[in-house]
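Visitor: Sequence:
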Amino acid sequence: MSRRDQRDSTSTKSNSTHERLLRSRLSRRSVVGAGIAGAAGIAAAGTLSRANAVATSGGMVRTAAPLKQATPPAEGIYGGRLRVATTGQPATLDGHFVAQRTIGLIDWNMFEALFTFDGEYNTVPMLAEGIEISDDGLTNKITLRQGVPFHNGDEMTATDVVASFKRWAPVASLGLGISAFLDEIVEVDPYAVEIRLTAPLVALPSLLARQQSGLSIHPAAIMEAAASEPMTPEQYIGTAPYKFVEFQADRFTLLDRFDDYVGVDSPPSGYAGSKAAFLDEIEFIPVPEEAARVAGLQAGEYNYLEEIIPDQIAVLQDSPGVTIEILPPRSYGIIILNTAGGMFTDQTLRQAVQAAIEVVSSGQATHGEGYFEPGPGIMLPQTVWASDVSAELYNQNNPEKARQLLEEAGYDGTPVRILCTQEDLGDYNAAVVAQQQLEQAGFTTELEVSDEATLEENLEDDERWDLTTNAIVFRPDPVLVDRFVSCTVDGKWCSEGKVDAIERLQTESDFEARYAALEDLQRLWYEEVPMVKLVNNYGVAALTSNVQGLIGRTHFEIEPEFANCWLEA
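Residue 569, in my numbering, is where the sequence shown stops; the numbers in between run on with no holes.
Heads up, a few of these hints could be off.
[Claimed, not checked] Simulated crosslink set (DMTMM-like; lysine to aspartate or glutamate; CA at most 20 Å straight-line):
| # | residue 1 | residue 2 |
| --- | --- | --- |
| 1 | Lys498 | Glu568 |
| 2 | Lys498 | Asp346 |
| 3 | Lys141 | Asp189 |
| 4 | Lys492 | Asp510 |
| 5 | Lys492 | Asp461 |
| 6 | Lys492 | Glu503 |
| 7 | Lys166 | Glu184 |
| 8 | Lys492 | Glu456 |
| 9 | Lys498 | Glu528 |
| 10 | Lys166 | Asp135 |
| 11 | Lys498 | Glu512 |
| 12 | Lys166 | Glu229 |
| 13 | Lys401 | Glu463 |
| 14 | Lys401 | Glu528 |
It is worth saying that the hints were derived from the structure and are not from the lab.
Using the sequences provided together with the hints, build the complete structure.
Guide: Put into structure tokens, the structure is as follows:
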């Protein structure tokens with residue numbers, strides 16, 4: 001089979017994966033809140049760090065020095081219970097099966113992955129010691145750190161990695177992405193596995209890294225017992241600095257320190273490096289009401305809030321004992337146009353929408369002054385992928401140009417059906433602002449507000465809607481963004497040019513070649529207008545001032561970890 005035929009074969013398998021994911025798609029809120037790789041048929045990676053890299057005949061082995069007994073930073077204080085107010089309580093903490101923001105916030109304190117992201121969002125080893133890639137890119141040998149215990153006392157081995165992978169790959173979006181390229185995964189010896197591919201996949205280490213819906217590693221016996229059902233609480237066994245203790249529905253999830261934790265001996269950096277369990281316990285308490293979370297933080301009842309909306313920041317800013325930290329952008333808002341049915345199958349009409357939109361008003365309505373920034377890049381500015389290509393087509397605020405495009409397209413006044421829900425006020429406010437701007441440009445519109453379940457159902461019918469609003473959340477690499485790689489998510493953007501750009505992002509090993517493909521993808525975004533970018537939305541951390549070692553040490557874009565943080569008296 002020729003190289004071209006191999007790519008075509010891979011594309012066919014990937015499309016099949018898209019359909020499987022579509023049939024089991026997550027709720028819209030889960031996708032937005034979690035920032036997952038959603039219905040992507042392929043997902044991929046940041047750059048694998050060359051730190052501690054050793055050249056080999058077949059590729060690069062990247063090592064992480066094992067630590068027999070973790071040495072924590074000297075400044076930390078042991079003791080205390082950190083109380084985290086979450087937006088709700090998931091029905092399961094099995095991230096293999098369910099991708100949700102709150103699950104990720106809890107899970108990655110208990111579980112670990114083969115790889116993770118450092119402070120620069122390079123992909124680096126965690127449970128893996130390194131990876132060796134064959135010259136043809138088809139054989140990926142992952143060596144494991146030795147002497148790493150699970151919470152039940154058993155040592156992690158290749159058997160556990162293979163069992164975890166085989167359970168995860170058929171059900172998780174990232175695993176399905178690998179499956180499009182997968183021949184087999186095999187145990188080489190007790191501390192090494194090989195992932196054998198049918199075509200090169202430059203993103204493999206990052207597909208296996210710590211993120212929403214990521215491959216957490218568990219004992220093989222638990223994977224076999226859980227099989228195709230979500231793990232039960234007694235099966236929440238991992239290798240991380242904290243272990244599961246207790247779950248009470250609608251009350252709390254409790255973790256405590258794992259005294260036998262064995263980590264890596266390198267400085268903390270992002271989600272990587274050494275991890276000290278200073279805290280005795282971490283308690284996650286479901287508090288669905290925003291006002292109750294804020295009041296609890298003010299009273300010292302909670303130490304950290306999973307989420308806070310900008311309207312509540314002013315309430316907390318002058319509260320004694322409370323710290324508010326503005327973080328790098330975690331997402332950007334989008335207007336999604338239905339390219340598969342209705343009026344916006346016409347590209348000229350989509351370009352008219354883009355010409356009409358002014359983004360600052362949307363940012364003020366959705367996040368508030370000072371908590372967003374305009375920017376044309378379809379990758380967030382803290383990534384190496386930021387680009388200003390086609391910036392002249394961003395934030396046009398040109399109703400006159402929009403009216404000319406409407407005339408060119410022969411627009412007959414058919415109402416634009418805008419679907420939204422007030423259960424997500426940010427998306428709702430963005431829809432209302434878009435409606436006003438489109439009407440000023442000469443569109444007729446209908447705003448249809450429903451509950452979230454009805455919205456989900458309506459978006460499945462390509463003939464039922466024209467426009468909706470949503471967000472694209474932070475990802476360190478463009479092929480981790482479902483709306484780029486998938487042809488089946490809302491709006492169904494799937495042009496030949498887009499497919500070609502994604503294929504190059506998936507298969508090219510040279511960064512400059514991949515960056516050129518990203519810029520081609522961004523150029524197509526602004527020419528074909530499957531979506532209209534709004535503004536980059538800053539993250540916000542709200543915590544009590546006695547929480548130390550968190551801000552500036554861990555990432556927040558894919559939820560923080562509470563290793564290396566402590567409570568001052």
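Visitor: Failing hints, ascending?
Guide: Per hint list: 1, 4, 10, 13 violated.
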